[in-house]
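Here's the letter readout for the chains.
There are 2 protein chains.
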Amino acid sequence: MMQNFPLRVGGILDHAARYHPNRPVLGRSVEGPIVESTWAGVQREAKQVAAGLKALGIKKGDVIGVMAWNTVRHLCVWYGIPGAGAVNHTLNPRLFADQLVYIVNHAEDRFIMVDPDLLPIFEALMPRLPNVEKIIVLTNRDTMPETGLEVISYDELINGQPDDQPWEDGDENEPCGICYTSGTTGNPKGVVYTHRSNVLHALTAAAPDMVNLSSNDRIMPVVPLFHANGWSIAYCAPLAGASMVMPGRDMSAPGLYEMLEMGVTYTAAVPTIWLGMLQHLEANKLGLSTLKRVLIGGASCPRAVIEAFQNNYGVQVLHAWGMTEMSPLGTICSFKPEVNAIPPEERLDVQETVGHPPYSVDLKIVNDLGESLPWDGTTQGRLMAKGAAVVQRYLKAEEDAVDSEGWFDTGDVATMDENGYVRITDRSKDVIKSGGEWISSIEMENTAVAHPEVLEAAAVAVPHPKWDERPVLAIVPVDGKSPDPADIMSLLEKRFAKWQLPDDIFMVEDLPHTATGKVSKLELRQRLKDQGYTLPE
Amino acid sequence: MMQNFPLRVGGILDHAARYHPNRPVLGRSVEGPIVESTWAGVQREAKQVAAGLKALGIKKGDVIGVMAWNTVRHLCVWYGIPGAGAVNHTLNPRLFADQLVYIVNHAEDRFIMVDPDLLPIFEALMPRLPNVEKIIVLTNRDTMPETGLEVISYDELINGQPDDQPWEDGDENEPCGICYTSGTTGNPKGVVYTHRSNVLHALTAAAPDMVNLSSNDRIMPVVPLFHANGWSIAYCAPLAGASMVMPGRDMSAPGLYEMLEMGVTYTAAVPTIWLGMLQHLEANKLGLSTLKRVLIGGASCPRAVIEAFQNNYGVQVLHAWGMTEMSPLGTICSFKPEVNAIPPEERLDVQETVGHPPYSVDLKIVNDLGESLPWDGTTQGRLMAKGAAVVQRYLKAEEDAVDSEGWFDTGDVATMDENGYVRITDRSKDVIKSGGEWISSIEMENTAVAHPEVLEAAAVAVPHPKWDERPVLAIVPVDGKSPDPADIMSLLEKRFAKWQLPDDIFMVEDLPHTATGKVSKLELRQRLKDQGYTLPE
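Those sequence lines, one after another, are chains A and B. By the count of my numbering, the first sequence reaches residue 537 at its end, each step adding exactly one. By the count of my numbering, the second sequence reaches residue 537 at its end, each step adding exactly one.
Calculated directly from the structure, the hints in this document are not laboratory data. Errors might be hidden in some of the hints.
Identical copies go unnamed one by one, so any copy, or any two together, can satisfy a pair.
Stated by the list, open to error - Derived DMTMM-like pairs (lysine to aspartate or glutamate); straight-line CA-CA distance at most 25 Å:
(1) K498 - E437
(2) K386 - D171
(3) K364 - D169
(4) K386 - D164
(5) K386 - E172
(6) K386 - E174
(7) K292 - E338
(8) K292 - E307
(9) K396 - E174
(10) K59 - D400
(11) K518 - D530
(12) K429 - D510
(13) K433 - D368
(14) K494 - D403
(15) K386 - D368
(16) K429 - D368
(17) K292 - E352
(18) K59 - D171
(19) K429 - D98
(20) K364 - E168
(21) K364 - D164
(22) K364 - D163
(23) K386 - D163
(24) K59 - E399
(25) K429 - D403
Isolated chain A (complex conformation):
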C-alpha cells in the first residue's frame, strides 16, 4: 500500500548530503589542523570507507572495533561501517585492559580502526585478541606512528575507492552498532543497536521538545562517540541538516573553548566538562559568542552549573538522562506549558529534574514488589523503561534484560510528577536507606558542590546499628582550599530534613571513578571499610 522504506542509518546521511550538501562539518583532526568538510563531503568519504572495507573482505554482520576521538574522519567511519553492512563497535580508550580484551573478543571484532595516538593500547593487547585480523590506523601514511604491529593507514583504506556506490542494503532490524556498558560488577554487557532503533531514536530525539536540532544549528558533541551511542548526535545532526564541529581529542577547557568559538550554537557533554569550562571562562573573563544551548547528561547536573550558564552566559541548559541501554535518550528537561506557567525562579527547581521522555519511551516507577507508584513528585521508586530503542537482550545473553511485561530496570531511583518529569534521586545500588526511608545521595552531592570550595562530593551509606544505614559525605576540595564542613552542613540544612542530614562530612584527596567517569560508590564504601572508618558519636 505504502512504499517500502527500511529505516537504515545510511538514509540519514543521504538526506543530509542531498538537501544540505554544503552545510559545514568541521573539526580538529588528531594530527592537529582544522578540517573543513560538508555533509556531501562526509557522505562521499563514508562511501569510500564502505567500499574500502568491502575490498578488504568485510561482509554483512562483521564487527569492527573503533577507538577514536570525535573527528570528522570518525563521522566518515561512523557511516562507512554500517554502509558496508558491518557493525560499529565503539571502544572506550579509558577502559581497563582486561575489559577491552573481554569486549573485543566477546563482540568478535574482525578489524580494529584506531586513532594513531591510541595505537599503543593495541600494541599491548594484540597477543590477547586472536580474532582481530587487521588494524586500520585513522591517519595517513605520512603521519603514521612507528609501530611493531602490521597495520594499514586510512588513506590506504580509501584511496581509489568509489565515492558513489549505494550503501549495502538489508533489513532495518539488522545490527548497526554495539556499545558495552561498563558495569561495576561482572563483565561488561554489549548493547546492540539496530538500524531501525538508531533511526527511530534520532527521529524522536530531534523533536522540538527534545534535542530540537535545526539546520540553523551548529552542534559540537563533546561527549565522545564511544560513550552511550555518542548520545545519538552523529545521527541527529545530519537528520536535521545541522552543521557540526568535532572537537578532536583535546578535552581541556582552552581547547574546547577554541572549538566552541567556531560558531557552535549547541553542545553536549557531561557536567564535569562544564565545571572546568565555567572556571576557565570566569578566570579568563571570556564570553560565549555563539553558544545558545547546552545538553548536559551522563551524570546529574549541579544547580550551580545550570545557573552559571543561564544567568552569566545566556546559554540555555537542557538537563538530560539516558543510558547506553536506551540508545541513550531517556528524558530531556524542556519546559512544557505547565512549567512555563510558573515564575522563572521556580523553573530552576524543575531544571534539576531530568525532564520527560520522548515519544516511544515509556517510563514508570515501582516499589520493591514491582507495583506502580504514584506520579506525585515525591514518591521514590525504581525507574523502569520501555521503548523502540531500549535493550531487549544483551549481546549473546541467554536471557532477556527485561521483565515479563517488557520493562527494563534502569537501576536508577526516581520520582515522577504528573506531567512525567523525572527526578533521579539515586542509583538503586547506591541507595541510602535509613530507618526504612530513602535519602537522596544525588541531591546531597549537588547541594554540596554548590559550595565554591567543593570540587566533588560523594554521599554513601555507612552501616548503623539502629537506623540500618546512615549517610556520610566525602568531599574533594578545590585545589588549595579547605571548605568548612559546617558551611556545607548549612547548605544541606536548607534542603534536607534533619534526619536526612549526613552524620559526617570529611575531606578526601580524590574519589574512585569508573571508566566512564562516574564515582564508584561501591569502591568508596569498600575504601571506608578498609580504613576502619566509624561514624562519629
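Assemble chain B onto chain A, guided by the hints.
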C-alpha cells in the same frame, strides 16, 4: 536485540495521554457549544469508541466511512477506529453523489459514522450502498435529527463501554486509514495509510525545520480531517503534546476568527480560507492576538497572502506542498541557513517556493524521457517522489503507482534549487507549452491575484497554429470591482518575459472547481472551447 515497538497510531495518543494528560483539546461541537477536553480525556473516549465498535461486531481490517467536520468528537473517532483494529475511511461531503457511492462501495465500508447535519447525504444514497450495515450519527440521542434511516447515536455507541482497554494490537504495516483522491478523470483512487506510514509521517513532519510543533503550541486544523489525511495534524499534535482547537463546521471568517482567538498559536488551511480571513480582519480592524504561525498548503499560496500575514499581523507563513498520495507532506518552506543569509526582502521570493522535503521524502525532477534534471532553480521538470509515507499501489489496483525504480509521479511540474527548495510551476496536465517552452500558469495566477481587485485567476493554454499553445488569463474580480486588464498586464510584465505574457486577459463570473476546491483547468478549457473562444489577433 532492541525491544519490539510496533509503530501504531494508538501509541501516539497514549504518549499524549500519559505525558500531557491535562493539555487542553477544545472545539466547537456540531451541536453548537464549545467542548473542553484533554489528551487524557480524548484517549478515554477513543477507547470507548473502540470498545463500542467491537461490541457492534467490528473486526480487524473492517473499513468504516467517516463523514465529519473537525470536532473533538472526530478526534475520538479518528483514534477509536484504528484502536479497534479497523480502518478509517474519510469521506468528503462535497464529493458528487456518484463519487461517494463509488468510494463507499469500492472501499467496502461496513459502517458509516456521520455528523448529524450530513445525514441527509446518506438518506439519499443508502439504497445504492449495499455493504453498509450500520450508520452511527455523531451526536447524542436527544439531539438526533429526524430520519427515515435506521441509525444509532454516538452516546449509544460509547455509553457503558470501558475507557481503559488496550488498543487492538497488530503489525505496524496493517492499514489504518483510507483517503480517496478525486482525480479529474476516471474513478477516485484509494490511498491506504498504514499505522507505520502515519507514525513515520508524523515523526518526520513534526521536526523543527518542518511543522515544528511543540507542547507549547495550540494548533487549529482548519483543513478538514477528510482532506489528504487532514495534513497529519491529528497525529502530529498529540505526538508533540500540543494543545488543539477544532473549529467545527463553521468555515466562515467570523466563525474561524472566534476559534483562533481561543489561544491558537498555529493553524493550517488552504489559501482561499486565508484570503477571506485577511479581508475580514482588515474590514473589521481586527488583530490576531495569539497566532504565531500558519501552515498554508493544498494550493499555491499567493505572495500577497504571505506578505499580509507577516507584515500586517506578525504571523509567520509556512508554505507547504503535499498530496493525498504522500500522507500528505512533500515539502515545507522553512528557512535553511542559506536563506537566512540573504536580505529579508529576498526571503519572500523563497517563500513563494514550497520549500524542501522532510527526512524520508526524496524528490527529483525529470524530463519527458525520465532523465534527472539539474537543481538550478530554473529548469522545470516533472516532480517525482519517494518515501516512507508515499503510495506504492492504490487500493485494489492491479499495478503499482510507481515506476520501475520506485518513483511516484506527482503530476506537478517544478524547479528545484541546490538546497532542494521546490517551486511548483504547473500541473503536468495543465501545462502551457508555447514554442517548445513551458510557461508557469501558477506564477501567472499568483501575480494576478496580487492585484487588489482580483479575487481569483486561472491561466490556461489555448491552441495556437504557430506556437502550438498560448496562455490566456481568466480573472474573477472582487465583488463590485472591475480591474483594468492593462494594470494586471503591468504586474505580469515585471515577472515574465515578453513571450510568456498571456495573449488575453478577460473577466469571468466564476471559475469551475473540483470537489476539493481546486480550479479545474480541464473544465475551464472545455468552457472556452464550448463558447467558441478565439485568441485576439
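If you test the structure against every hint from before, which numbers come out violated? 10, 14, 24
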